[in-house]
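**Q** Sequences and hints are given; from them, build the entire structure.
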Amino acid sequence: MSNETEKMTPDLRAFIEEWKDKPGNLIMVLHKVQQTYGYIPREIAIETSELLKVPLAKIYGVVTFYNFFKLQKAGKYIIQVCLGTACYLRGGDDLIKEFERQLGVGVNTTTSDGLFSIEAVRCLGCCGLAPVAVVNGDVHGKLEAKDVAGIIEKYRTLG
Amino acid sequence: MAKLTLDDLRKMRGERQKAMEMRDNSNKDAQVIVGMGTCGIAAGAKEVFTTLIDTLTEKGLTNVLVRQTGCMGLCHAEPTVEVVVADMPTVIYGHVDAATAKEIVEKHVIGKAIVEAKILEKPSVDIVKEK
Amino acid sequence: MAYQSYVLICGGTACCSGGADNLVTEFASCLEAAGLKDKVQVVKTGCLGFCEQGPIVKILPQGTFYVQVKKDDVKDIVAEHLVKGRVVQRLCYDPEQATDVVAEANIPFYQKQYRIVLRNCGVIDPEKIEDYIARDGYKAIEKVLFEMTPEQVVDEMLKSGLRGRGGAGFPTGMKWKFAQQQPKGQKYMVCNADEGDPGAYMDRSTLEGDPHSILEAMIIAGYAIGATKGFIYIRAEYPLAIHRLQVAISQATELGLLGKDILGSGFDFEIELRFGAGAFVCGEETALLQSIEGNRGMPRPRPPFPAVKGLWGRPTVINNVETLANIPVIINKGADWFSKIGTATTKGTKVFALTGKVNNSGLIEVPMGTTLREIIFDIGGGIRGGHQFKAAQTGGPSGGIIPPQFLDTPIDYESLAKIGSIMGSGGLIVMDETDCVVDIAKFYLDFTVDESCGKCAPCRIGGRKLLNYLNKISEGRGTEQDIADMRSICDAMNKASLCGLGQTASNPVRSTLQYFMDEYLEHINDKKCRSGKCSKLIRYTIDAAKCKGCTMCARKCPAGAIAGSVKVPHVIDPAKCIKCGACEATCKFGAISHG
Amino acid sequence: MATEMISLEVNGVAVSVPKGSNLLVAAKAANVKIPTLCYHPDLKPGASCGICVVRQLVPSRTEPGKFVPSPKLLRACCTEAMPGMKIVTHDPDIVQVRRTVLELILANHPSDCLQCPRSGSCELQAIAADFGIRDIPFPKEVVHHENDTSTPSIVLNPDKCIKCGRCAEVCQEMQNVWALEFIGRGEKTVMAPAAGVKLADSPCIKCGQCSAHCPVGAIYENDETKKVWAALQDPEKTCLVQIAPAVRVALGEAFGLEPGALTTGKIYAALRRLGFDRVFDTNFSADVTIMEEGTEFVKRFTTGGKLPLITSCCPAWTDWMEKYAPDFTENFSTAKSPQQMLSALAKSYWAEKNGVEAKKVHVTSIMPCTAKKYEISRDEHMHATGQQDTDVVLTTRELARMIKAAGIDFDSLPEEKADDLLGVYTGAGTIFGVTGGVMEAALRTAYCLITKEAKPPAIDFKEVRGMDGIKTATVDISPSRTRWATSRRCWTRSARTSRPGRSRATTSSRSWRAVAAASAAVASPALRRTRFARSARPACTPTTRSPSSACRTSTPRSRPSTRTISASRGARRRSSFSTRTTRSSTSTRSRKMHGV
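Quick mapping for you: the protein sequence lines, in order, are chains G, E, U and A. The opening position of the first sequence corresponds to residue 1 in this note's numbering, with each subsequent residue numbered one higher. The opening position of the second sequence corresponds to residue 1 in this note's numbering, with each subsequent residue numbered one higher. The opening position of the third sequence corresponds to residue 1 in this note's numbering, with each subsequent residue numbered one higher. The opening position of the fourth sequence corresponds to residue 1 in this note's numbering, with each subsequent residue numbered one higher.
These are computed hints drawn from the structure, not numbers from a lab. Take these hints with a grain of salt, some might be off.
[To be verified] Only pairs whose alpha carbons sit at most 27 Å apart, straight line, appear in this in silico DSSO-like list of lysine-lysine: (1) G:LYS73 to A:LYS198; (2) U:LYS143 to E:LYS18; (3) U:LYS229 to G:LYS20; (4) U:LYS472 to A:LYS188; (5) E:LYS112 to U:LYS39; (6) E:LYS102 to U:LYS37; (7) U:LYS309 to A:LYS72; (8) U:LYS309 to A:LYS86; (9) G:LYS97 to U:LYS75; (10) U:LYS143 to E:LYS129; (11) E:LYS102 to E:LYS28; (12) U:LYS229 to G:LYS22; (13) A:LYS86 to U:LYS177; (14) G:LYS7 to G:LYS20; (15) A:LYS44 to U:LYS309; (16) U:LYS309 to G:LYS53; (17) E:LYS112 to U:LYS75; (18) G:LYS22 to U:LYS184; (19) E:LYS28 to U:LYS39; (20) G:LYS20 to U:LYS309.
**A** What follows is the structure in structure tokens.
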């Protein structure tokens, strides 16, 4: 989980240097952090605070405000189930429940093998395919509860 | 590219307009246009795009341009493909999968016959052409 | 060899039930008889969308449209149109107006959609600036930068009557004027691309399909208000749109359409992207500005309005994507042209993301004043699966629910407000009788509770309380007093919340209470959910006539709620039943049902 | 310059208020006090509670010239009064909306007023009483969180928090500490330190400004009156008490006296009646501090030590400096604070003189600030006498509670005197109680020490324009001129300026440094020019002679600098933070700031 110590990558450091003096840089930098590590590691947040000269409290205030930023490392496969209105009306809620049931974890938590985490997201913009689930960028559309097992199996086989 | 002046811009527009009206960007006889918005891609537009290219290559057709465009708004029918062939009416296909893509090349582009069952309507008139 | 003509016969569900299949065979035999078998191709197509007038037949390449075609009409179409090239007047949609060529463009149905914002979407390659330029792209900045003063640009906007498409409908020209009138100095132009309504994706499609139109509009706006810097605040959840915008910005910069001294006009303008990070409230102007500044996206009070004090305290204009997409067209075609489209108070068109229980879900653009009926039934092809229309929701979580009696309301800001909804950003969700209003209200409240920034007590606490009441009602524990309590919370949220999100968060509850009170009372008094959505209110019953007493259901029931002996009809104890549905799924005789 | 006035109408009454006033001010001009909950006059309006809503009358769209009530309500706290505005402060609808909002807030509040430390001074309680809330229609829901009792000074009780944001505002904008922030979003928002740590591991400096500004019982000082009652009951203990200068003014308020009323003699009397064996006055050790600091200044001034000299009397201030500006710790005076000096003297000098074993002496100190609770155990120097020098610190409020609990009729108490020897003091000690007083006292003492004149001149502090909260004075210690700077609000300043590219925090700490550097620059050339540089020798007063070592954090010669102290504290904290395994390359500053 997140108690492994992350080191700041040269790429991230260069990005911070580039954005350092631009006004309103914090969120863009945090995006880069999340992109690099998959979450916002504590050590990196501290170092970022130092480099940007922004209080750590402010960084955490921002990180915890926005859904996009995570403080815990997510699973290898992130299952995002769309709960936009169209998907909800066509059973997105049931899909989430089925994923939760089959994986034995709730929304925003990761399976103990670190393979899957489930997220509920708002409108992925493919309402024509509702209900939709996205796994690491792959869109699975027009899903029914019975399709869930197959999807999990597919990624489990990939390991 | 050099910075444009006002005249450059106008000239460029004139030239491109002609090319677009001919529906022919590089002396090609036919164009296959794939809707590649998020919705289209989610529904499989990328697969359609590669199948089109593969089939065309396989058939040795070099006079067909395959290009992308944004969402046409026909979300229920994604992926959508518009086919422009000289001497034929322009047709939009919906619910295109790899098999249909292949069929489009074989029947429509080569055979000049419309592929059945998956034709859609253009959603509205074009206001840019409307004077 | 290409065919001479093509006959397209609509194969959509509605048309098929109207006999489209017969038409296919009829055409085949008539064409054979006329000797045109090899010259005309008959194609059964997908739904052509004009279901009300089905079955539809379209003849290409002329594009002639025949409506309500019957088997007997086929021989006339073949004999007149395909053989002699003459249009069959009586089968045209509007015989009065029928000319020799009745093209789709002349049929009112196809004018129900009128694409200004989406003019280039699905036409150009969004990653090629040349395509955009060819379609009159960057023509408006020629006019603006070389022929107009900033004041004239603002006047043109005021004259056009364009109103902000983000939701509230504030006149765009007025916004620009306020910012223009501020003392000179650093000003900012911001494009709000933080489209957050669940079920709305107009802006995403526009950005993906026509990114340059937004850049061009921002240059125009920047010139009008005196800003040299623009920001596009876009959802991080839209990677493709971000990519296309990045491509577009670099292309435009390379050509000198962005940057210093644009086209030699002396006007400088640059655009930067800023990503959102998953907060619906950041669609609210002041929260959005907070977010661009790198803060928690908590709204601040207005006034001062952003046009006076916005980003970093400087005058800032914020327009949403759809609003901006209109602007180059307004400049090119003129305010007069634009103001002729739409209704008295609301000009132009509106893009809707039409989704839910409708056949043709998709992105549509209609002139203001189009009715919901036209949108849902003509463009959307009616309700899926032969169900009944129950309600439509506009404006997402801030909007209201619209019952069938208002299907003929022409859409504009004022008339939607009058019936308790809002225009919103353009989500249009269609519901049928299998949807429960309590459940829908719950869905939206759940959303706003999740997305409330937590700053204001009325929104933070009120939203949660409303959701709790709705849960209570949907579980059959509600009382009529709850309704009264909910009303007072709605009122307090509406009046005492700081930002638009809080002020409107109770709208789904208010409007469902207004139009579907009977359903709420059913949930409360009869413990019944007519749509079967509220699972706690479902009752499973065994039809004694069908039950063979096989005991399967009783054995499957995890709650031990089913009693009965072998070969004797079983009974379900509703008090014990946990509504899991296992019994219904198990019964081989179809004796168990729920309602 | 005369303030520009603007005219508007409140409830039909024409009023005139200074330009820039909010509608609360405008309403007051029309004899209406609009109820507020989250608003605090010290702070930028947070606009979070939604209680202060008012209605504006706007021109009718249909009938020109007529004004109609606007359907939307405005928040009076954050709406600027504009010329010609027409405002309605109350109508049945507004009152109902306010009541519903209040009921909503109360529905999520524990409402255990009887056990609440803020009972009687709670703003929520007061407004609920004003509205006559008798029952709450909405179901009660209180989400339970653990209290944060990690610091000896302040307790966070998130259950009672109404998310007004005052604490974060004062912590960030006024104190520039950034220990508290809004964490989370929506209903899950809590006011807490970053990164899931407790307050003790955060940059918190225990100044207590958050608790002073909290409208409810969500942040309050750690109540230690029980410890004092226990000591008073212990026959083994000799209970001494010291009261700080600021307390004598503040305590009167707790008993309904005029703010600012001096109640010194009554406090001495009350303390004796509570059972303290000796009543001392921190003013005594304030004098000692002044002599120490003044002497130290003169020494540094004349022999070339680190200047400017920065006082170390305030534990919150030293904590802040160690965390945010560790490069300045060498500028600190090595003198202890008056509280610690008195306690150290009490357990050494006084105990010896009176033949009491030091460990049987119990020192309670009555202080105006919660940081003092933290100071008594902050490091080994606070154990100069072999045990903790000060045993318990009570704030003014806690003392008031003890007096009330004992039933002592404070008003009618006679004026008594403090006990010798640690109870006498001079005027310099007294002015410690006012902001900037330490500086003035030190300056006057230094003046006398250097010039050997008996009477210092009156020192006139001037606020530096554009730098809110910073005062400077120039004193002619002929022929050199020395510049002095002090900050107004406890110890730091609030910087409200914000511009693109710099967060407020950066701007503010940068300006602070600029000021510190500026005063250093001014002081140094003066040092070179002064002809007293070699000849002036620090004078010793009897009080500084024997107990001097007890009064310093360390002896000047072998002094482990404050920087070393802070580093060792840092090390202690680091080891206690278990999830951190390797030492990162971040500076001491960031480690301290983040409480790692």
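**Q** CA of LYS102 of chain E to CA of LYS37 of chain U, is that 27 Å or under?
**A** holds, 25 Å
**Q** Given the proposed pairing of LYS309 of chain U with LYS72 of chain A, does the C-alpha separation stay at or below 27 Å?
**A** The hint holds at about 21 Å.
**Q** Given the hinted pair LYS143 of chain U and LYS18 of chain E, is their Cα-Cα distance within 27 Å?
**A** Status holds; Cα separation ~22 Å.
**Q** Below or equal to 27 Å on CA atoms is what counts here, so check LYS73 of chain G against LYS198 of chain A.
**A** Holds, because 22 Å separates the two Cα atoms, which is no more than 27 Å.
**Q** Does the alpha-carbon distance linking LYS112 of chain E and LYS75 of chain U stay inside the 27 Å limit?
**A** Holds. LYS112 of chain E to LYS75 of chain U sits at ~25 Å (cutoff 27 Å).
**Q** Does LYS143 of chain U pair with LYS129 of chain E here, judged by a C-alpha cut-off of 27 Å?
**A** holds, 19 Å
**Q** With a cut-off of 27 Å on the C-alpha distance, tell me whether LYS97 of chain G and LYS75 of chain U pass.
**A** violated, 56 Å
**Q** For a C-alpha distance cap of 27 Å, please report whether LYS44 of chain A and LYS309 of chain U respect it.
**A** Given that 27 Å is the threshold and the Cα spacing comes to 16 Å, the pair holds.
**Q** Does LYS20 of chain G sit within 27 Å of LYS229 of chain U, going by the straight-line distance between their CA atoms?
**A** The given pair, whose Cα atoms are some 19 Å apart, holds under the 27 Å limit.
**Q** Could you grab the alpha-carbon distance between LYS472 of chain U and LYS188 of chain A and see if it respects the 27 Å cut-off?
**A** holds, 21 Å
**Q** Given the proposed pairing of LYS102 of chain E with LYS28 of chain E, does the C-alpha separation stay at or below 27 Å?
**A** holds, 19 Å
**Q** Would the hint linking LYS86 of chain A and LYS177 of chain U be met if the CA-CA limit is 27 Å?
**A** holds, 25 Å
In terms of the numbered hints stated before, the structure departs from hint 9 and from no other.
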